[in-house]
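All chains, full assembly: derive it from the sequences and hints.
So the sequences go chain by chain: A and B.
For the first sequence, my numbering begins at 128 and goes up steadily by one.
For the second sequence, my numbering begins at 3 and goes up steadily by one.
These aren't lab readings, by the way, just hints derived from the structure by calculation.
It cannot be assumed that every hint is accurate.
Simulated pairs of lysine-lysine, DSSO-like, Cα-Cα distance not exceeding 27 Å [stated by the list, open to error]: (1) A:Lys518 to A:Lys568; (2) A:Lys252 to B:Lys195; (3) A:Lys518 to A:Lys639; (4) A:Lys418 to B:Lys191; (5) A:Lys627 to B:Lys308; (6) A:Lys418 to A:Lys287; (7) B:Lys311 to B:Lys332; (8) A:Lys639 to A:Lys627; (9) B:Lys311 to A:Lys130; (10) A:Lys639 to A:Lys628; (11) A:Lys162 to A:Lys440; (12) B:Lys292 to B:Lys156; (13) A:Lys523 to A:Lys576; (14) A:Lys260 to B:Lys156; (15) B:Lys156 to B:Lys85; (16) A:Lys628 to A:Lys574; (17) B:Lys132 to A:Lys518; (18) B:Lys156 to B:Lys181; (19) A:Lys518 to B:Lys14; (20) A:Lys604 to A:Lys287; (21) B:Lys195 to B:Lys181; (22) B:Lys14 to A:Lys628; (23) A:Lys246 to B:Lys311; (24) A:Lys440 to B:Lys132; (25) A:Lys418 to A:Lys492; (26) A:Lys130 to B:Lys308; (27) A:Lys518 to A:Lys540; (28) B:Lys195 to B:Lys308.
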Amino acid sequence: MPKRTDIHKILIIGSGPIIIGQACEFDYSGTQGCKALREEGYEVVLVNSNPATIMTDPDLGNRTYIEPISPQVLEKIIEIEKPDCLLPTLGGQTALNNAVALAENGILERHGVELIGAKLEAINKAEDRELFKEAMNRINLQVPRSGYARSVDEAMNIIKEVGFPAIIRPSFTLGGTGAGTAYNREEFPDVVRWGLECSPCHTVLIEESVLGWKEFELEVMRDLADNVVIICSIENFDPMGVHTGDSITVAPAQTLTDKEYQAMRDASIDIIREIGVETGGSNIQFAVNPKDGRMVVIEMNPRVSRSSALASKATGFPIAKIAAKLAVGFTLDEIRNDITRVTPASFEPTIDYCVVKIPRWAFEKFPGSDSTLGTQMKSVGEAMSIGRTFKEALQKGLRSLEIDRFGFGADGKDTYVFQHQLVFEDPQDSSYQDPSASYLKEEIIEKLKRPNPDRIFYIRYALQIGLSIQDIYQYTKIDPWFLVNLAEIVDMEYQLRNVKKDVVEWIREDQKIVGV
Amino acid sequence: MNNSILNTIIRKPAVLILEDGAVFRGRAFGAVGEAGGEVVFNTSMTGYQEVLTDPSYYGQIVTMTYPLIGNYGVNEEDVESSKIQVAGFIVKEISQIPSNWRSTRSLEEWMLSQHIVGLCGVDTRALVRKLRTYGVMRGVISTEDGTEADIHAKIDAVPSMIGADLVRSVTTNESYRWKDRLHPTYHSKIFTKSANPLCVLAFDFGIKQNILRHLTERGCEVHVVPAYTDADEIRALQPDGIFLSNGPGDPEPVTYAIHTIQQLLGSYPIFGICLGHQVLGLALGGTTYKLKFGHRGANQPVKHLKSGKIDITSQNHGFCVDMESIRDKKVEVTHINLNDNTVEGLESRELRCFSVQYHPEASPGPYDAAHHFDRFVRMMTGDKDE
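As structure tokens, this is what we get:
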């Protein structure tokens with residue numbers, strides 16, 4: 128299918144001011160999209176309230192509006208510019224929400240503006256929890272089990288399906304008041320009773336807990352001919368419970384067999400079709416129970432996301448650029464692969480390296496904020512690195528964070544330096560820690576249990592004081608595969624220290640012989 | 003000093019030497035010893051267990067372009083034949099532990115138990131670049147302390163792929179009935195099912211078990227027969243359809259099967275995969291040739307010429323049907339590879355046969371092309387459209 132000739136002018140909405148969770152990645156995708164559409168001869172009208180973006184540079188759009196991003200302002204711009212269509216999938220959640228508002232208020236229809244990339248129905252199906260759950264049921268995919276209860280009796284019935292541990296969320300309360308987790312049948316009724324009391328409508332949602340499960344993401348692209356390709360799989364180092372934006376993430380997925388990966392790939396293809404994202408990229412998140420492999424769908428972003436930017440850089444497949452071209456009617460095989468320059472974009476990148484993304488936090492800039500990581504994103508940036516092994520990529524990433532660390536410890540910046548790792552220093556020196564000190568163990572375990580920006584370094588200390596991989600897994604739920612790789616780095620450090628010791632002793636011997 | 007966290011084994015130095023004299027140094031894993039074969043690379047990021055047990059790799063030393071191998075160990079289910087088929091295995095990094103709920107043991111233990119020589123710590127990127135530039139070549143992996151000159155002599159003893167009939171080495175000696183179906187957890191799609199059992203005779207040129215599982219799943223009663231079964235024996239069994247399997251090496255020397263298929267063409271619906279596709283191409287009067295470095299991986303884009311639909315496919319072949327050679331043979335090229343425009347599928351409606359060069363059974367790889375099995379079933383049940 129060639130590109131559409133019935134459209135000429137395309138409106139693109141940017142993501143506005145830089146906030147946590149919505150930063151330069153959407154400038155990156157918006158800029159790519161503008162360039163791709165102009166390259167095809169379309170006129171691009173750009174709206175972004177943030178003048179400090181690349182996309183608002185004078186040459187990028189044919190017309191650039193630096194105005195607040197709100198339905199009212201957008202309507203005025205539509206009135207002036209009369210675009211043929213609106214591409215809402217490149218400017219993050221802000222752009223998507225505003226496009227939904229414009230569509231639902233009938234503004235788009237009134238001005239004859241077509242939504243391209245994702246239609247209103249698809250956006251709603253992906254964003255509305257209930258509609259999403261129904262859609263997943265239709266294609267035989269599981270979501271975390273859940274049900275609403277109005278009494279303890281009802282709750283007892285629901286829990287049979289849901290299983291423990293379960294999260295109890297009262298409906299219509301602010302800030303999660305009355306929410307709790309029940310681990311067994313004994314404490315469950317009390318948690319439910321308290322939840323019911325807190326809810327003004329006396330209703331609680333009982334949901335299967337997927338905390339500590341393995342978390343995966345797939346980046347998917349679809350064209351108007353219904354070709355679907357997977358650009359990248361991502362495995363989160365930090366398990367479910369830590370926001371993806373606050374997780375160390377790794378591409379490609381490391382601990383799935385081919386059968387499991389293909390099942391996830393098939394699920395993603397079914398999801399993008401069922402939700403009805405016509406063209407472009409989507410990001411789909413899965414949780415997998417490490418005990419039995421049960422896979423549940425967590426959510427889908429029917430737009431270019433933070434992970435798309437990562438996947439683009441990790442694989443060399445420019446998701447936003449291709450998404451823009453697919454939105455105007457091209458099919459994947461008509462677009463050239465940017466890396467090979469001779470083969471088409473209808474392929475699945477396969478890489479011979481490992482990519483690690485590490486979030487960068489700046490809690491020092493937010494005095495009084497809690498550095499515990501959870502379901503709300505707190506990082507302000509990230510470093511991405513590439514290596515032939517996970518260990519190499521991780522260390523490069525840690526070094527690139529500009530947190531004054533040189534890698535995974537052993538750089539003179541460690542919080543604890545243990546007596547037994549030293550080679551020449553005086554072990555009696557009080558600045559070195561005794562690895563068997565019990566208060567230390569407690570301190571370290573506490574840091575392992577509570578996800579926090581320094582947790583990765585506490586895994587190092589835990590390994591050094593002799594906690595086993597299995598122990599550390601119990602405290603962190605970080606997959607043993609990752610933990611063993613971290614242990615290998617520490618082992619290498621110890622080996623190097625031994626070499627240093629051997630060399631120095633050998634020199635000392637020789638010194639005696641020559642009488643120095 | 004208490005200085006080691008993991009009890010890492012110290013691995014013996016080992017070496018890969020190629021026929022052009024190139025030396026790649028690494029460390030031994032799996033069994034110790036020597037292994038010779040054609041050195042090829044696979045670009046799948048998952049699925050090493052399926053790759054290692056695929057009989058199409060018989061006589062080859064396989065290297066993975068993805069550097070981290072062994073991460074999820076091995077299990078009892080994800081096998082494509084009863085044993086490891088490759089001559090040797092080369093990886094960048096072998097995982098120290100397996101981490102997966104289905105894993106029953108580590109890749110290394112499994113290779114050791116089957117006496118398969120492995121080489122790790124190799125700069126596999128440099129190796130693959132070499133094979134891409136100069137084409138696949140023969141080589142020997144050695145974990146022994148011999149000299150390089152000794153190994154060079156051994157490389158010359160490794161047979162060339164061209165003209166070698168490897169099918170005889172992997173085909174079954176006796177016919178057998180296959181019963182297992184697909185793993186329900188990982189194949190949830192609804193398939194075309196035949197109401198009555200269909201008798202399929204599958205020629206075993208080195209068949210992957212997932213092909214058999216796919217056929218059984220669709221209601222076929224599958225009988226696997228040796229590659230050298232003749233046409234009279236086939237007719238005596240009165241099959242509803244004939245399947246031609248994948249297999250190792252050069253299709254041209256498999257003359258016995260080519261001859262048999264020629265006699266059966268037009269009498270039964272025939273479906274071929276990989277080597278089976280090449281054998282069908284040869285039976286229809288075409289020729290085959292060797293590709294420079296082959297297609298081995300799980301991300302090969304294949305276009306169905308009629309519909310424009312693209313499937314991302316799993317592939318493993320070093321030989322290919324020559325498009326020109328079948329141009330006037332009442333055969334239609336149905337699929338092409340979008341990377342290099344080579345033939346990926348052909349059909350003859352008149353003779354009720356079709357075949358694909360890639361692997362609709364995946365394993366490893368995407369399931370996009372599984373619809374070919376449905377088509378075969380429809381062909382056998384006499385669907386008008388087929």
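Unsatisfied constraints (hint numbers, rising): 2, 3, 5, 14, 16, 18 and 25
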